[in-house]
Amino acid sequence: MSDDAAPAPRSTRASFLRLQRRLAWNGLRSLMRKQRLRFGLIVHLGLFIWIGLLALFIEGFTFLRGLDNNGPISNDITALLFGMFFLSVTMLTIFSSSLLLYGSLFHHPEAWFLLATPARADRVFNYKFRDTLFYAGWPFLLLGTPLLLAYGIVMEASWFFFLMFPFYLLGYLLLPSAIGACLCLLVVTYMARHRKLVLGLLIVLFLLMLLVWIGSAAQGVRSDVLTEMSERWARKVIDHLQPTRSTPPGAWMTEGLLACSQVKGHPLEWWQTWRQTGLLPENFELEAIRDGFYYLLAVWSYGLVGFWLATWLARRLYRRAFDQLAGSGGRRKKMSTSWSDRLVSLLLRYRDQATRTFVLKDWRSFRRDPVQWGQVLLLGSIILLYLLNIQNLPHSQYPLNQRSLIGLMNVGVIGLMMATFTSRFVFPLMSLEGRNFWILGLLPIKRDKLITNKFTYAATFTSTLSLGFVLLSSTQLKLPWSIIFMHLAAILILSLGLSALSVGLGAYLVNVKETNPSKIATGFGGTMNLLISLGFALVIITLAGLPSLVFFADSAMSLSENFQVNIVWYWQMGCLGVMLVMGMLVILIPLRMGIRAFRNMEF
Amino acid sequence: MTANGQVMIELDHISKSYGRKVAVNDISLAVHEGELFTFLGPNGAGKTTTIKMICGLLLPSAGSIRLGGYDVRTEGDLARQIISYVPDQPFLYEKLSGREFMEFIVDMYGMDRRLGKTRMEELIEVFDLGDFVDDLSESYSHGMRQRTVFAAALLHQPRVLIVDEPMVGLDPKNQRLVKDLLRKQVAQGVTVFMSIHTLDIAQELATRIAIIDKGRIVGMGTLDHLRKQASLEGPLEDVFLKLTADEAEAPSSEVNGQP
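From first to last, the protein sequence lines stand for chains Y and P.
Heads up, the first sequence is in the working numbering, so the first residue is 1 and it goes up one at a time.
Heads up, the second sequence is in the working numbering, so the first residue is 1001 and it goes up one at a time.
If you're looking for bench data, these hints aren't it; they were derived computationally from the structure.
Mixed in with the good hints there might be a few duds.
[Claimed, not checked] BS3-like cross-link-like pairs, simulated, lysine-lysine; straight-line CA separation at most 27 Å:
id, chain 1, residue 1, chain 2, residue 2
1, P, K1184, Y, K513
2, P, K1173, Y, K519
3, Y, K34, P, K1173
[Unchecked claim] Per the computed footprint, the stretches of chain Y lying under chain P, defined by three or more beta-carbons under 8 Å from a beta-carbon of chain P, are:
id, stretch
4, 105-112
5, 116-125
6, 144-153
7, 320-326
8, 455-463
The C-beta atom is built at its ideal place from N, Cα and C for all residues, glycine as well.
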């Protein structure tokens, strides 16, 4: 039994640091031991993306430098690019850190555990804030390091730039993350009941501002877009985008990094000149060095003040906010049939009642899980925004081969996104039934039908959406119907094939222990499914594009028109045949594997 | 067992509302040092909410809570230093082993490292954790998790042990282990506040029992006292059903205007 006097609580900062270190190390070891394939994929794909981005940025900066040989226009465009990049990162980090902290501070079981210990509320907050910095920060580093490295290489920046930019990048995320943390704490404490409304309003406000800004910028430059790239046009663009360059904290990054890149000479050379003459060399850019440090200090000091403010708020508000949220359950919501349920039933009228009911169950589970449909909405919005934006481009002036290529690339983008979509959302469906397998197993319907029902569900949605997207993009591009037909056939085969792959492999490589769909999708089975899906998508897209390629290659060689038509027709029919055979195989084999595995499964 | 020592848990007219719903309604009670106080009630009666308020996870809408003399609202960090809370769904870090989790607890409660290590070894033996304590807890069964959490909860020798549904999902052997542990803690002067649904275990272990229904305490005292209150002789199960049934009827008679 301990003494009557309570022991004084010791600083828990070191304990949390040790905990974080152990969790990271054990997690890494476990990943390397149990999920070697996934670990290897993450590392190699990460490297591949990083190197690809570096090459892309080098190419871009080389083009910019060539515009006016590192003159005012290329410098201004570079500054604008930096400004836009850092402004986007700021906005995204504010949103992502507030959402990440909301989840980890208020909804994770760890928060309940830690708040029942003597750990101070601000220490718990600091610990979770560090996690958030890591999760919000890695995409920024993945994009930011190749961008700045490429800039330094192409612009032949001095050693000072390469020395300073990592410190800039590391310090930059502090301020937006701290703003996100403050927002999260304030909204939960004072508006716990209306938190979703506040979040929705903020997102709508942000999108409206973005739309107004893009609209005004587009309006200003559209009239000149068709003309050659002129200085006047470039100036107009720069003027419209100017606010992105002057908005802090991105502006401090831009100004500071550009100042760092201006520094010339070498410290050894400066030292020698100073020793010999007692003066600094003529090329010593004192102002640039001073600016480089000044803006770095601005980035770090504002970031640290933001962090201090967030910690101060957490000390006062975190426990109160936690209590507010726990008590803000809201009114009990009665669930009823919605318009979307009726739409699903309507889309599935070609199937029997049992199938429709079964699919409706999956649909209801999906639409009532905001995490799931939120991701779909995000993916869908990106595609839709892109497709709607096609009409702003002067396609009528492009030759048919270029339009056809753009159309094929659209099919490719939608196909690849669909491969990730089915791996993320369809593959876990069978595993998610997990603890309910005894219900499925005892249902008075054939087990095979359970698999085919899931396939119906997935295929109906993916094919409806993807056919709509491809039809929209192809008609916007004013492609001939022969090419549109090939693209539609390809996307239909892809939708059916990818759905069959995810359902079949989902049943074959089922993981009934896991209840988190993200973890099922990123496990061994999910990764395998993603790889096979991507491979299948690439083959079908290539086959869909081959006839057009032959046609344009043929035209380029100026062969007879008659010959062109014949050979293209043969190629088209040949590729379509191969696509159909591949499609049939990819539909039948995984579904058969899944059905067999499901038949033999014990409940 | 009689318990006349210091008051370790003191609830003074506490209430808790979730919007319009009153989860806990004007509860007052005092639990003394060395008492095993059992909190019974139907599902949704307000047991877990009360426990979470005692631990400082939730704040009372009205009233005050003191733990070992510390006000939970104003001296929460000090109050939590003398307690341990074992929830119904025990939390463990999936990527920590049982031993690493216990080392974290030693750090968090500011224990001397050497003393902490000695206590860890003792508890690993008591709870028979030796076979798996160095494995990652992601591989533990429910029973293994519960035993590890109990061991971690006792590391810093808390003066108040708060347990929420400790027997859920445990096999008879592990249930026996937990019962023996609770008895031993009480014998050493620890105050145990336990919420439980298994009435036999409550009857077997409890020094005093409180029955809560719809946020109000409808009966509190020793089993004999509760029997008198319910005006029936018999097992705790009958007493519990009688008292909670009476409470269920009371509001409806008021609504109908029949006092």
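Hints and how they fare:
1. For the suggested pair K1184(P) and K513(Y), the alpha carbons sit about 36 Å apart, so the restraint of at most 27 Å is broken.
2. Taken as a hint, the K1173(P) and K519(Y) pair is broken in the structure, with Cα atoms around 34 Å apart against an allowance of 27 Å.
3. Using a Cα cut-off of 27 Å, the hinted pair K34(Y) and K1173(P) is violated, with the two alpha carbons roughly 33 Å apart.
4. Closer than 8 Å: that is the beta-carbon criterion, and the stretch 105-112 of chain Y has 3 residues meeting it against chain P, so the requirement of 3 holds.
5. Chain P is given as covering the stretch 116-125 of chain Y, and this holds because 5 residues of the stretch bring a CB closer than 8 Å to a CB of that chain, at least three being needed.
6. For the stretch 144-153 of chain Y, the stated coverage by chain P is not satisfied: 0 residues place a CB nearer than 8 Å to a CB of that chain, which falls below the threshold of 3.
7. Requiring three or more residues with a Cβ within less than 8 Å of a Cβ of chain P, the coverage given for the stretch 320-326 of chain Y holds, as 4 such residues are present.
8. Given as covered by chain P, the stretch 455-463 of chain Y fails the check, having 0 residues with a CB less than 8 Å from a CB of that chain where 3 are the minimum.
Violated hints, listed in ascending order, are 1, 2, 3, 6 and 8; each of the other numbered hints is respected by the structure.
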